[in-house]
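S.K.: Heads up: the sequence shown begins at 0 in numbering that gives the first Met the number 0, then just goes up one per residue.
Everything labelled a hint here was simulated from the structure, so no lab data went into it. Every residue gets a Cβ at the ideal spot worked out from N, C-alpha and C, and that includes glycine. Incorrect hints may have been included.
Derived SDA-like pairs: lysine to any residue, alpha-carbon spacing no greater than 25 Å straight-line [unchecked claim]:
| id | residue 1 | residue 2 |
| --- | --- | --- |
| 1 | K11 | L87 |
| 2 | K4 | P80 |
| 3 | K88 | K4 |
| 4 | K4 | E89 |
| 5 | K11 | I78 |
| 6 | K10 | I61 |
| 7 | K88 | H28 |
| 8 | K4 | N90 |
| 9 | K11 | I48 |
| 10 | K4 | S44 |
| 11 | K4 | V51 |
| 12 | K4 | D66 |
| 13 | K11 | D49 |
| 14 | K10 | K88 |
| 15 | K10 | C73 |
| 16 | K11 | M100 |
Quick list of simulated restraints, FRET-style, between CB atoms [said to hold, decoys possible]:
| id | residue 1 | residue 2 | range |
| --- | --- | --- | --- |
| 17 | D111 | V51 | 31 to 39 Å |
| 18 | G107 | W74 | 19 to 27 Å |
| 19 | E85 | G22 | 17 to 25 Å |
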Amino acid sequence: MARYKLSNAEKKNVIETETWSDGDGNTFHIENGWRWGEWFFEFDSQPDIDLVNENGIDPWSIGDVEDQNLDDGCWCEFIFPDDFPEELKENIEEAWDNDGMFGLEELGFSHDDTETEILGPLTLEKIED
């Protein structure tokens with residue numbers, strides 16, 4: 000088995016989208032942007048990955064990720080549905096500013112899922128045999 004590192008070749012091209020919900024049917028997303036990301040995999044032979052990557056790729060879809068590193072967060076944006084209660088939006092943003100994810104959990108929200116997407120060109124490097 001060989002160890003490979005996949006990373007974005009251009010900065011500000013990693014997006015993580017977290018899904019949060021409560022027991023009352025309220026769901027929203029937090030989009031986190033990162034300048035750089037690295038994902039480490041083990042494969043028997045070099046994986047066939049489209050390094051041009053014009054459509055974006057989920058690194059978790061390539062194989063079992065052994066380790067990852069996201070570096071230099073550059074944005075955090077809340078994405079609410081159009082019909083999301085205004086007062087609840089304000090409470091969520093305030094809780095996030097004060098206590099991060101712990102503040103959201105105190106409001107009764109739970110983290111349901113995170114989707115990751117790398118946009119633009121990729122680099123693939125064999126780092127160990």
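S.K.: Would you pick out the hints that fail for this structure and give their numbers low to high?
M.R.: Hints 1, 2, 3, 4, 8, 14 are the ones this structure does not satisfy, whereas the remaining hints hold.
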